[in-house]
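Here the protein sequences come in this chain order: G and Z. Here the first sequence is numbered in the numbering used here, starting from 19 and rising by one per residue. Here the second sequence is numbered in the numbering used here, starting from 3 and rising by one per residue.
What the hints contain is simulated information worked out from the structure, not anything from laboratory work. Since we're looking at a predicted model, the values are computed, not measured. In this text, a Cβ means the ideal position worked out from N, Cα and C, and glycines have one as well. Check the hints yourself; a few may be wrong.
[Unchecked claim] Straight-line distance between alpha carbons at most 30 angstroms, and here's what the computed DSBU-like set of lysine-lysine pairs gives:
#  : chain 1 : residue 1 : chain 2 : residue 2
1  : G       : Lys89     : Z       : Lys308
2  : G       : Lys89     : Z       : Lys69
3  : Z       : Lys194    : G       : Lys56
4  : G       : Lys100    : Z       : Lys310
5  : Z       : Lys193    : Z       : Lys317
6  : G       : Lys89     : Z       : Lys310
7  : G       : Lys33     : Z       : Lys193
8  : Z       : Lys310    : G       : Lys197
9  : G       : Lys100    : G       : Lys89
10 : G       : Lys105    : G       : Lys192
[As the list claims (entries may be wrong)] To spell it out: a stretch of chain Z is covered by chain G in this simulated footprint if at least three of its residues, at any positions, have a beta carbon under 8 angstroms from a beta carbon of chain G; those stretches are:
#  : segment
11 : 150-159
12 : 162-173
13 : 315-329
14 : 349-360
[Said to hold, decoys possible] Calculated Cβ distances over 10 angstroms to all of chain Z for the following chain G residues:
#  : residue
15 : Glu49
16 : Ala72
17 : Val118
18 : His173
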Amino acid sequence: MLGSGLLQGLAVTAKNLVGSFHDPARLTTVEYPEQRTKLPEAYRNFPFLVSENATDPMGTLRCVACQICEKECPPQCIYIEKSKDKKPDATGRPQLYPTVFDIDTSVCMSCQICVEVCPFDAIKMDQVFEIATTDRFTALLLDREQLAKPNDYYHTIHPTEAAEVDARLAAERKAAAEKAAAAAAKAAAAKPAAVAGLGEAGAPGSSTPATTKPPAA
Amino acid sequence: MIASGLQTTGAHVREVHDDFHGDLLEVSMGPHHPSTHGVFRMQVTLDGETIVKLKPVFGYLHRNHEKLGENTSYLGSMPYTDRLDYLNSMTNNWAYALAVEKLAGQPVPERAEYLRIILAELTRLLNHTCLAGFLLQDSGASGTPLMYAFREREKILDLFESLSGSRMMCNFQRFGGCRTDASPEWLAAAKKLTDGYGAFLDEYERLITGNEILMARTQGVGVLKPDLAISAGITGPMLRATGVDYDLRKVDAYGFYSRFAFRVPLGDHGDTYDRYMIRVLEMRESIEILQQAFRDLPAGPIMDPKAKLRGFRPKTGEAYGRIEGPKGEIGFYLISDGTPNPYRYRVRPPSLINLTVLEDLCLGHTVADAVIILGSIDIVLGEVDR
Ligand code: SF4
Ligand code: SF4
Numbered sequence: 019m020l021g022s023g024l025l026q027g028l029a030v031t032a033k034n035l036v037g038s039f040h041d042p043a044r045l046t047t048v049e050y051p052e053q054r055t056k057l058p059e060a061y062r063n064f065p066f067l068v069s070e071n072a073t074d075p076m077g078t079l080r081c082v083a084c085q086i087c088e089k090e091c092p093p094q095c096i097y098i099e100k101s102k103d104k105k106p107d108a109t110g111r112p113q114l115y116p117t118v119f120d121i122d123t124s125v126c127m128s129c130q131i132c133v134e135v136c137p138f139d140a141i142k143m144d145q146v147f148e149i150a151t152t153d154r155f156t157a158l159l160l161d162r163e164q165l166a167k168p169n170d171y172y173h174t175i176h177p178t179e180a181a182e183v184d185a186r187l188a189a190e191r192k193a194a195a196e197k198a199a200a201a202a203a204k205a206a207a208a209k210p211a212a213v214a215g216l217g218e219a220g221a222p223g224s225s226t227p228a229t230t231k232p233p234a235a
Numbered sequence: 003m004i005a006s007g008l009q010t011t012g013a014h015v016r017e018v019h020d021d022f023h024g025d026l027l028e029v030s031m032g033p034h035h036p037s038t039h040g041v042f043r044m045q046v047t048l049d050g051e052t053i054v055k056l057k058p059v060f061g062y063l064h065r066n067h068e069k070l071g072e073n074t075s076y077l078g079s080m081p082y083t084d085r086l087d088y089l090n091s092m093t094n095n096w097a098y099a100l101a102v103e104k105l106a107g108q109p110v111p112e113r114a115e116y117l118r119i120i121l122a123e124l125t126r127l128l129n130h131t132c133l134a135g136f137l138l139q140d141s142g143a144s145g146t147p148l149m150y151a152f153r154e155r156e157k158i159l160d161l162f163e164s165l166s167g168s169r170m171m172c173n174f175q176r177f178g179g180c181r182t183d184a185s186p187e188w189l190a191a192a193k194k195l196t197d198g199y200g201a202f203l204d205e206y207e208r209l210i211t212g213n214e215i216l217m218a219r220t221q222g223v224g225v226l227k228p229d230l231a232i233s234a235g236i237t238g239p240m241l242r243a244t245g246v247d248y249d250l251r252k253v254d255a256y257g258f259y260s261r262f263a264f265r266v267p268l269g270d271h272g273d274t275y276d277r278y279m280i281r282v283l284e285m286r287e288s289i290e291i292l293q294q295a296f297r298d299l300p301a302g303p304i305m306d307p308k309a310k311l312r313g314f315r316p317k318t319g320e321a322y323g324r325i326e327g328p329k330g331e332i333g334f335y336l337i338s339d340g341t342p343n344p345y346r347y348r349v350r351p352p353s354l355i356n357l358t359v360l361e362d363l364c365l366g367h368t369v370a371d372a373v374i375i376l377g378s379i380d381i382v383l384g385e386v387d388r
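Starting from the given sequences, assemble the full structure and let the hints guide the process.
Below, the structure is given as C-alpha cells:
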C-alpha cells in the first residue's frame, strides 16, 4: 500500500520520541558543561613535559634536550635550545637540559609522535581540553614553565601507562646503579694493582698524570 | 511509476526561446553551501530547473598533502593520512602502513592483522552510517535520520577514542603492527556494539528503506552505467551498485580477508537508491566479518619486534599499497631513494576519482537531484583536495 513505508517510519520516530523519556540508550545527550563524560585513559590532546617533582619542576625535568622530538614532530611545532652546562637529573646523572622548550599548540596536531620517539619518557600527552584563549598568538605558544607538569599528574591522567613508565625507569635506574657499583668495585680492585705496577716500573713522575687525570667529561 | 518523466539521454537544451522559456541560467552552488559536504563548488547551467551542464570545481581545501609527504619522514606522514578522509582515519592509516610495509618488506604479526580488520570494518560501519544519514539530510529529511545515524556513529567513535586516544585522528597503525594492543574490555565493548548494530540497522531501515518519498527521490536518479564506471575508474560501493563485482577484499585478499566468509553485495540499476542499499547491505556483511574476527582473534604481539620507529629508512624501490576503503580503493604509491623521506608520495583518493562522473550522473536531472546524487557519491573534501 502506498504510504505504508512512511507510516512505518513515523512509528520508529514515535518510538524514539517516547523512548527518549525513559530509555538512556535513546537519549544520549550530555549537557556539557554541567554534565561531563569521563575521558578515556588513552585520550590525548597536547603534550606536556614530565618533571619528577612539583616543587622544583625546572630542576627535575626528565627532558635532556636530545632534540629527537623536535626533529620528528611532523608539523615542526617544537623548538628547543640546549643548555651549555649539565646539571644532575632526578637520578643524579649529569645531563643537558632544555633552556628553551616551546610548543606552539596552535600548530600541534596532537599526533603523539613526540611521545613515541622520546627515549627518556620526558614528554607525554595531556588531557586538558578547555584551553580557549582570547590571544591566539602568544597564549597558544607554551614555554617550558607552562609545559612542565609533575609525574604525579601523569599518574592521575594515564594511570596504567604511568605505572609502566615508572617501573621501566626504576629498572633502568637499578641497572645503572648496579653497573656503576660494579664499575666502582672494578676500579677499586684495579687501582692498587696499577699503583703497584707503576711502582715496579720505577717511573712515578711520568705515571702521575695518567692516574690523577679526571675521567673524560 | 517512479521517475518516469526523466530524460537522462539526448539533448537537454531546448531550442525554443519564447516568453515563457528564458535563457540558460548559470548557478554557482557552493563553495559555501550546506549540500556540498565541505568546500566544493558545482557550477551548474540550468534550463529551467534541469541541469544541462555541470562543472565540479574543487581545490579549496588543498593542503599540499603529497608534497608534505616528500618532506616528512615515513612515520611523520602517518598522522597526515588521518586528515585525508577524516571519517575513515583507520583505513587511511592501514593503506599507508601497507604501502610502507611492502616497500620495506616488513612483516605484521597475526593479531595486528586481525585488529586492523576489526578497525577497518568498524570504520566501514561508521562511514556508511554517516552516508545513510547525510543522504537523507540531502533529500530534505532534516535532522531526524541524520541524528539517529550519528547516535550510532558516536558509539564507534568512543571505541576509537578509548583505543587510540582520539575520535577521528586516530594515527593508530604503525609499520609492522598497531600502536597499542586492544584490552579485553575494549574487545568486549566492540563486540557488544557489533551485536547491537544489526538491531540499529533494522530500525533505520524501517525508518527509511521502504519510505515512498525516498524511493521517488532516488530511484532512477543519477544512473551510472557499468561501462562508464569501469572506464572512469570508479571503485567501492559506487561501482558495485552498478553490478560490477569488484571488491579488493576479494580481489587482493590483503591482510587476512581470505580467511573470512562474507558476500559482496551488488546492485543492478546503478541509481542513487542502489547506492544507498549497497551501503546498508555492506554494513550487514561487515557485522559478519566483525563477528568472525572477534571469534578468531589470536593472542600474541601486536607489533613486530624488529620494526623500527625512529631512523626508518626503507631500501631503494617503489611500492603501491591499496585497500578497499569504505569509499573505494584507497592507495598509496611510494618511491624510496633510501633516505628517511620518500622520494615520491602519491595518494589514490577514491572520493576524487568517484567524483569525476558527477556531471554524467546529473545531466537531465533537477538541481535538487544533483544534491542527493552528490550525497550518494560519498565524498570527503579532505581527500578530494588533499
Ligand atoms: S622531550 Fe624527549 S625527545 Fe624531546 S628533547 Fe626532551 S628528551 Fe629528547
Ligand atoms: S603531538 Fe605531534 S604535532 Fe604535537 S608536538 Fe608532538 S609530535 Fe608535534
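Evaluated hints:
Annotation: proposed proximity of G:Lys89 to Z:Lys308 holds, straight-line Cα distance about 23 angstroms (limit 30 angstroms). Restraint check: the Cα-Cα separation between G:Lys89 and Z:Lys69 comes to about 18 angstroms, which is no more than 30 angstroms; the hinted pair holds. Distance check on the hinted pair: Z:Lys194 and G:Lys56 sit about 20 angstroms apart at the alpha-carbon level, within 30 angstroms; holds. Restraint check for G:Lys100 and Z:Lys310: the C-alpha separation of about 26 angstroms stays at or below 30 angstroms, so the hint holds.
Distance hint between Z:Lys193 and Z:Lys317 is unfulfilled; the C-alpha atoms sit about 40 angstroms from each other, more than 30 angstroms. Of the supplied pair hints, the one linking G:Lys89 and Z:Lys310 holds, its CA atoms being roughly 16 angstroms apart against a limit of 30 angstroms. Simply put, G:Lys33 and Z:Lys193 have alpha-carbon atoms about 26 angstroms apart, close enough for the 30 angstroms limit, and the pair holds. A hinted pair counts as satisfied when its Cα atoms are at most 30 angstroms apart, and Z:Lys310 with G:Lys197 qualifies at roughly 27 angstroms.
Pair hint G:Lys100 plus G:Lys89 holds up; C-alpha atoms about 14 angstroms apart against a cutoff of 30 angstroms. The straight-line distance between the Cα atoms of G:Lys105 and G:Lys192 is roughly 20 angstroms, inside the 30 angstroms bound, and the hint therefore holds. Coverage of the segment 150-159 of chain Z by chain G holds. Counting CB-CB distances below 8 angstroms, 3 residues qualify, and the rule asks for three or more. Only residues whose beta carbon comes within less than 8 angstroms of a beta carbon in chain G count, and the segment 162-173 of chain Z has 8; three or more means the coverage holds.
Counting residues of the segment 315-329 of chain Z whose CB lies closer than 8 angstroms to any CB of chain G gives 0, so the stated coverage by that chain is violated, three being the minimum. Interface restraint, the segment 349-360 of chain Z with chain G: violated (0 residues with C-beta to C-beta distance below 8 angstroms; minimum three). At the 10 angstroms boundary, the C-beta of G:Glu49 stays outside the reach of chain Z, the nearest C-beta of that chain being 15 angstroms off. No beta-carbon of chain Z comes within 10 angstroms of the beta-carbon of G:Ala72; the shortest separation is about 25 angstroms.
The claim that G:Val118 lies off the interface holds: its Cβ sits roughly 23 angstroms from the closest Cβ of chain Z, which is beyond the 10 angstroms cut-off. At the 10 angstroms boundary, the C-beta of G:His173 stays outside the reach of chain Z, the nearest C-beta of that chain being 17 angstroms off.
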